[in-house]
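K.L.:
Chain residues, written in single-letter form:
Protein chains: 2
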Amino acid sequence: MRLGLDLSGGDFAPRAALEGALAARCELPDDVEIVLIGDASTTRNLLVDYGADSTQFSLVHAPEIIGMDEQPARAFKLKHQSSIHVGFALLKSGQIDVFASAGNTGAMMAGSMLSIHPIEGVIRPSIGTCIPRPDGGINLILDVGINSDCKADVLYQFGILGSLYSQHVLNVARPRVGLLNIGEEEEKGNLISKAAHELMKDSSDFHFIGNIEGRDIFTDKADVIVCDGFTGNVVLKEAEAFYTLLKSRGINDDYFDRFNYELYGGTAVLGVNGNVIIGHGISGPTAIKNMLRHALEVAKSSLPEKIKKAFTV
Amino acid sequence: MRLGLDLSGGDFAPRAALEGALAARCELPDDVEIVLIGDASTTRNLLVDYGADSTQFSLVHAPEIIGMDEQPARAFKLKHQSSIHVGFALLKSGQIDVFASAGNTGAMMAGSMLSIHPIEGVIRPSIGTCIPRPDGGINLILDVGINSDCKADVLYQFGILGSLYSQHVLNVARPRVGLLNIGEEEEKGNLISKAAHELMKDSSDFHFIGNIEGRDIFTDKADVIVCDGFTGNVVLKEAEAFYTLLKSRGINDDYFDRFNYELYGGTAVLGVNGNVIIGHGISGPTAIKNMLRHALEVAKSSLPEKIKKAFTV
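Each protein sequence line maps, in turn, to chains A and B. Quick note on my numbering: the first sequence kicks off at 1 and runs consecutively. Quick note on my numbering: the second sequence kicks off at 1 and runs consecutively.
Source of the hints: derived by calculation from the structure; they are not laboratory data. Backbone N, C-alpha and C define an ideal beta-carbon position, used for all residues, glycine too. A few of these clues could be false.
[What the hints assert, rightly or not] Covered, in the sense of this in silico footprint (three residues per stretch, anywhere, with C-beta under 8 Å from a C-beta of chain A), are these stretches of chain B:
#: 1; segment: 145-152
#: 2; segment: 183-191
#: 3; segment: 230-238
[As the list claims (entries may be wrong)] Once the Cα atoms are required to be at most 20 Å apart in a straight line, the calculated DMTMM-like pairs of lysine to aspartate or glutamate come out as:
#: 4; chain 1: A; residue 1: LYS309; chain 2: A; residue 2: ASP205
#: 5; chain 1: B; residue 1: LYS221; chain 2: A; residue 2: GLU240
#: 6; chain 1: A; residue 1: LYS237; chain 2: B; residue 2: GLU184
Just chain A, with the same shape it has in the complex (with noise of 0.2 Å):
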């Protein structure tokens, strides 16, 4: 397997992104080949500087750099060199089997859409959250922020997609797929939801078990919960928020403490011909190990494949 990183992505790029790659290195397995993508004599340096075997890696060089606030689909388009786009080239032809980054989320979409395109059939791409469950178990919440405004067909597939990576990435048997909703009641919700619970509840594409409320986001009573984009995006960061809240008030938890998002360090993008996973924009050094660490599980997965057969017709 290899893993391309971004080296010029993320807040704290390169150097958390170089020392996230050596921490992988240590732990991930000899066979396992890390493809570092940036500019590379800057590369080189920082491999001085951390004493660090360069044979270890593989250095591709991409000088320019799509910075965190530029428009990303524009960036994307023009910046050849940028790490963001000769990573989604190197992806395309192959040359690596998962690209990964914390950079700017938006280009990492552009690219997922321009260059690798989503797989015939799958009208919106998505992104989803990992949320623990008290019981060590791990729920996937998608769409996430990608997708705000969704049509009922579009809740559905997320419905199809999750499924997939839960069960070929997260080891669930039979996913139980939940339509987060207002009430358990089918004709509870919205326009949208109702819509997609209409569609959903004879679904044979995956195992759906109806509605369920925003207080059974951290239950054992779905592993994938589908919404759209906004409402996703609002309960991840109140998660978030939470989170924030505990660690400033010097609480300490196991279960809470599953809630530093640097334990998942990435997400995937669900939908896309390719491997890519977008890290958050903040990530330090473990981010960027256990991104990696996540690479290396979607790319054996073969889950692009996987969608592609789930939507062949």
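Following the hints, position chain B against chain A.
P.N.:
Chain B alone, transformed into the frame defined by chain A:
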């Protein structure tokens, strides 16, 4: 002031309601009259049971009960002798200054709409919830479930309603109104939130401070958080789930303990011609007591008159 209390409403009625009324009687000023609305003989027997002085209360006979799972509008229309129907009749005729119930929320909304009616100009009445801040303040988030689909003009009006509640009930001198969204920038959001931002940005009806994100729900950034009832309901239930998780893990903390809904007891219906307080169905005596305390605050604020004035062009 005369506070009307539904004795037949809530999962633990009538005992929880009566115990709450007894506790409130000890705490509220003598010139505040508590009007118990329920089956008269049941109420008298219970008062004897508790060894209470029945002269401390006014009793109004209402032998019928609207169950927690009954179809709300239908039950409200047909059960003229129900505690909720009688309560609204008393409110409408001015025999009580506020009507509070932990009963069927839909029936309470039906009464608000069909008996006392929305204030002229208010498109959709709303209910909000108080969210505690670490600095001791309280944020109001609205809507939290009555209006699951909201157009931009409805969200705009929630800004007015919430601002008046914050000012006159929570005593915030100049409430800052934020629009719950998935980014701080004006152009972020779904179609509705973008349209709402456009309406709000030059508002002279309230002090709009722009978009706020899920991470700001518990911060001092805005005093009033406006969103559609779908999002607000999910946010509220997620916060309740967190509180439940903290309790289940034995974590006690002064701040998080303020998430206990029992401290607030109930929430006012905003935008109708009268003071209506809706409590949680699971209310125990403490929640009922605090619902009555809150009912007194709301009644003293003359909120419907303030709202009428704001909606008079």
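K.L.:
Take the hints in turn and mark each one as holding or not.
P.N.:
Okay, the hints, checked on the actual structure:
1. Under the rule that three or more residues need a Cβ within less than 8 Å of chain A, the assignment of the segment 145-152 of chain B holds, with 3 such residues.
2. Judged by the Cβ-Cβ criterion of 8 Å, the segment 183-191 of chain B is covered by chain A as claimed, because 3 of its residues qualify and three suffice.
3. For a cut-off of 8 Å, the count of residues in the segment 230-238 of chain B with a CB near a CB of chain A stands at 8, and the three-residue condition holds.
4. Note on LYS309/A and ASP205/A: the hinted pairing holds, with a Cα-Cα distance of about 12 Å set against a maximum of 20 Å.
5. At roughly 16 Å between alpha-carbon atoms, LYS221/B and GLU240/A fall within 20 Å of each other, so this suggested pair holds.
6. A distance of roughly 13 Å separates the Cα atoms of LYS237/A and GLU184/B; the hinted pair therefore holds under the 20 Å criterion.
Against the hints set out earlier in the document, no violation occurs for any number.
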